[in-house]
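Read left to right, the sequence shown gives residues 92 to 421 (our numbering).
Quick caveat, the hints were computed from the structure, so don't treat them as lab data. A few of these clues could be false.
Claimed, not checked - Derived lysine-lysine pairs resembling DSBU-like cross-links, with alpha carbons at most 30 Å apart:
id, residue 1, residue 2
1, K170, K222
2, K115, K170
3, K414, K170
4, K115, K252
5, K414, K352
Because the structure is a prediction, the values reported are computed rather than measured.
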Amino acid sequence: MDQSTLHEFLDATFGAADLSELTKISGGQSNPTYFVTHGDRRMVLRKQPDGPILKGAHAIDREYRVMNALGAQGVPVPKTILFHEDAETLGTPFYLMERLDGRVFEDCSLPDMTPDERRAIYLGMADAMAKMHSVVPSEAGLGDYGPPGNYFERQVRRWSKQLFASTGEPIPDLEFLANWLTENQPEDDGELAVAHGDFRLGNLMFHPTEPRVIAILDWELSTLGHPMADLGFCSMTWHSAPEEYGGILGLDWTALGIPSKEEFAARYFETARTSARLSDFHVIFSLFRFAVIFVGIRDRVAQGTATASNAAEMAPLARAFAKRASDLVG
Numbered sequence: 092m093d094q095s096t097l098h099e100f101l102d103a104t105f106g107a108a109d110l111s112e113l114t115k116i117s118g119g120q121s122n123p124t125y126f127v128t129h130g131d132r133r134m135v136l137r138k139q140p141d142g143p144i145l146k147g148a149h150a151i152d153r154e155y156r157v158m159n160a161l162g163a164q165g166v167p168v169p170k171t172i173l174f175h176e177d178a179e180t181l182g183t184p185f186y187l188m189e190r191l192d193g194r195v196f197e198d199c200s201l202p203d204m205t206p207d208e209r210r211a212i213y214l215g216m217a218d219a220m221a222k223m224h225s226v227v228p229s230e231a232g233l234g235d236y237g238p239p240g241n242y243f244e245r246q247v248r249r250w251s252k253q254l255f256a257s258t259g260e261p262i263p264d265l266e267f268l269a270n271w272l273t274e275n276q277p278e279d280d281g282e283l284a285v286a287h288g289d290f291r292l293g294n295l296m297f298h299p300t301e302p303r304v305i306a307i308l309d310w311e312l313s314t315l316g317h318p319m320a321d322l323g324f325c326s327m328t329w330h331s332a333p334e335e336y337g338g339i340l341g342l343d344w345t346a347l348g349i350p351s352k353e354e355f356a357a358r359y360f361e362t363a364r365t366s367a368r369l370s371d372f373h374v375i376f377s378l379f380r381f382a383v384i385f386v387g388i389r390d391r392v393a394q395g396t397a398t399a400s401n402a403a404e405m406a407p408l409a410r411a412f413a414k415r416a417s418d419l420v421g
């Protein structure tokens, strides 16, 4: 990204000031993300990647739209500043949002915390999800943010199709799960919420000292969906081991102070705008979906087209998550 061009844009937008920081944030973001400090404005810039883009991919306009709408409803998200769709400026469209100071936890066991602190963090996570799901999409201007209804039917069909398109070695557990999920879908109950799509501890920023979420991050998978999709996804933490994408299965939750999955869900339901209830189906679907994602990573590693630096170590997780889901089916 051309620093002088960005500086000119910021000066024209906010008034002349020094561009004292432009630092690319490392990590797994599919959309390039930068810390930007212009005068006394501390911001985050997020842009589409350069090069050809598949239809519907890297839709940063959707990220900006959903954060802008949910922020107006009191959901903890970064404050949006502006969206700039003219690709001539920085090569691709981009947006700016405020930069927040807080804590992001990648290790779900929360080392170096007391049991009371761990419990409070988990309950704060449940509260943030409930707040997000309590927004009525149509009242927030998000009534057309995704197709309404039959969410799980569409999702099971989508991920099963992706599974069977794999050219790698078949995983019997996954083929079994694709059929089981097709045959055991709950009836569509009409529940509709903004579904984050990747709601987990590592995508939340907590207050520097309080067990309170100040920002839900990484909205690139968000759509209109069923609230139990997010709760089921978040519940995978209790069904995967520390070496399996950082879960807590096998740890002594009581000693650590971490609430059980049932306690976590109960806290969520205290304030969530939903009459739905979490079932094994929702967790099994989430484990299946994640396993299929890892199948794709495995195939790209085999083809030599994987881009993530840790792709090779993630590839074996397809079988691990398939096994966890099959164990839940019984």
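Unmet hints by their number, sorted upward, for this structure
3 and 4
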